[in-house]
Amino acid sequence: AQTVTQSQPEMSVQEAETVTLSCTYDTSESDYYLFWYKQPPSRQMILVIRQEAYKQQNATENRFSVNFQKAAKSFSLKISDSQLGDAAMYFCAYRTGGTSYGKLTFGQGTILTVHP
Amino acid sequence: ETGVTQTPRHLVMGMTNKKSLKCEQHLGHNAMYWYKQSAKKPLELMFVYNFKEQTENNSVPSRFSPECPNSSHLFLHLHTLQPEDSALYLCASSQAQGIGQPQHFGDGTRLSIL
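From first to last, the protein sequence lines are chains R and C.
First residue of the first sequence: 304, per this note's numbering; consecutive thereafter.
First residue of the second sequence: 5, per this note's numbering; consecutive thereafter.
If you are wondering where the hints come from, they were derived from the structure by calculation, not from laboratory data.
Some hints here could point you the wrong way.
Computed beta-carbon distance windows for the label pairs [claimed, not checked]:
hint, chain 1, residue 1, chain 2, residue 2, range
1, C, Asn-21, R, His-418, 37 to 45 Å
2, C, Glu-48, R, Glu-313, 15 to 23 Å
3, C, Glu-57, R, Ala-304, 21 to 29 Å
4, R, Gln-305, C, Ser-24, 27 to 35 Å
5, R, Lys-373, C, Ser-63, 26 to 34 Å
6, C, Asn-21, R, Ile-349, 31 to 39 Å
7, R, Tyr-357, C, Ser-90, 20 to 28 Å
8, R, Glu-318, C, Lys-23, 36 to 44 Å
9, C, Asn-74, R, Glu-318, 44 to 52 Å
10, R, Lys-373, C, Lys-56, 32 to 40 Å
11, R, Pro-419, C, Phe-55, 46 to 54 Å
12, R, Gln-305, C, Pro-65, 18 to 26 Å
Think of the CB as a built atom: it goes at the ideal place given N, C-alpha and C, for glycine as much as any other residue.
Modelling step: build the complete structure from the supplied sequences, incorporating the hints.
Dropping the structure here:
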């Protein structure tokens with residue numbers, strides 16, 4: 304079974320600075336997808352960024368980028384120029400690339416606080 | 005407009021009550037999911053439906069009974085719940101085919117068991 308571990312329960316950053324959230328996972332599969340989701344307080348889950356395991360290039364979405372290290376099974380999220388609206392719980396998630404449609408395994412989450 | 009709507013937003017019920025949670029998606033997706041989110045725990049996948057057929061049941065107790073009458077609607081029927089079932093229940097949807105398609109989540113139903 305796959306597992307996802309986020310070792311940082313809480314992180315904080317100053318507005319306009321950069322922060323990196325860590326995520327590691329364990330799997331025996333070679334074909335899979337990785338995601339970072341953001342959950343603001345009392346609001347829905349929002350997809351921030353995704354990475355296909357077969358792609359070597361790190362995914363980037365505006366101020367959000369990932370450092371995907373497949374051999375190390377590491378998938379960290381970097382947020383540049385942090386904004387107050389980035390404050391939320393961030394979940395790393397793994398999705399099998401096999402026939403199990405859409406089954407996601409989530410990490411424990413990291414609470415990000417952004418200080419003005 | 006989130007695309008995935010859950011009702012009610014909050015629900016308080018006794019252990020002997022029977023209630024249902026409703027989820028509706030307007031995204032044309034064919035797969036729908038129920039998740040449980042408890043405090044200080046990772047999201048737990050409960051059920052998955054593809055084209056109205058249940059494809060995943062993650063060892064969920066029988067006091068939770070899902071129903072998917074069509075690809076746009078998903079219900080979670082609740083009966084004889086326990087206090088540890090108090091949590092946020094999230095519904096999500098995605099394209100059934102084309103792996104890598106992200107899941108779109110609703111705002112959730114906050115369930116409290118007295």
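Hint check results:
Taking 37 to 45 Å as the suggested C-beta distance range, the pair C/Asn-21 and R/His-418 conforms, at roughly 44 Å. For C/Glu-48 and R/Glu-313, the hinted distance range of 15 to 23 Å is satisfied, since their beta carbons lie about 21 Å from each other. For C/Glu-57 and R/Ala-304, the hinted distance range of 21 to 29 Å is satisfied, since their beta carbons lie about 23 Å from each other. The hinted window of 27 to 35 Å between R/Gln-305 and C/Ser-24 holds, with their beta carbons roughly 31 Å apart.
Our hint of 26 to 34 Å for R/Lys-373 and C/Ser-63 holds, since their Cβ atoms are close to 30 Å apart. Between C/Asn-21 and R/Ile-349 the beta carbon distance is about 32 Å. The supplied range of 31 to 39 Å therefore holds. Under the hint 20 to 28 Å, the C-beta atoms of R/Tyr-357 and C/Ser-90, about 41 Å apart, miss the expected range. The hinted range of 36 to 44 Å is satisfied by R/Glu-318 and C/Lys-23, whose Cβ atoms lie roughly 43 Å apart.
For C/Asn-74 paired with R/Glu-318, a C-beta distance near 46 Å keeps the hint of 44 to 52 Å intact. Checked against the given bound of 32 to 40 Å, the beta carbons of R/Lys-373 and C/Lys-56, roughly 36 Å apart, stay inside it. Restraint check, R/Pro-419 to C/Phe-55: a C-beta distance of roughly 48 Å satisfies the suggested window 46 to 54 Å. With their beta carbons about 23 Å apart, R/Gln-305 and C/Pro-65 fall inside the hinted range of 18 to 26 Å.
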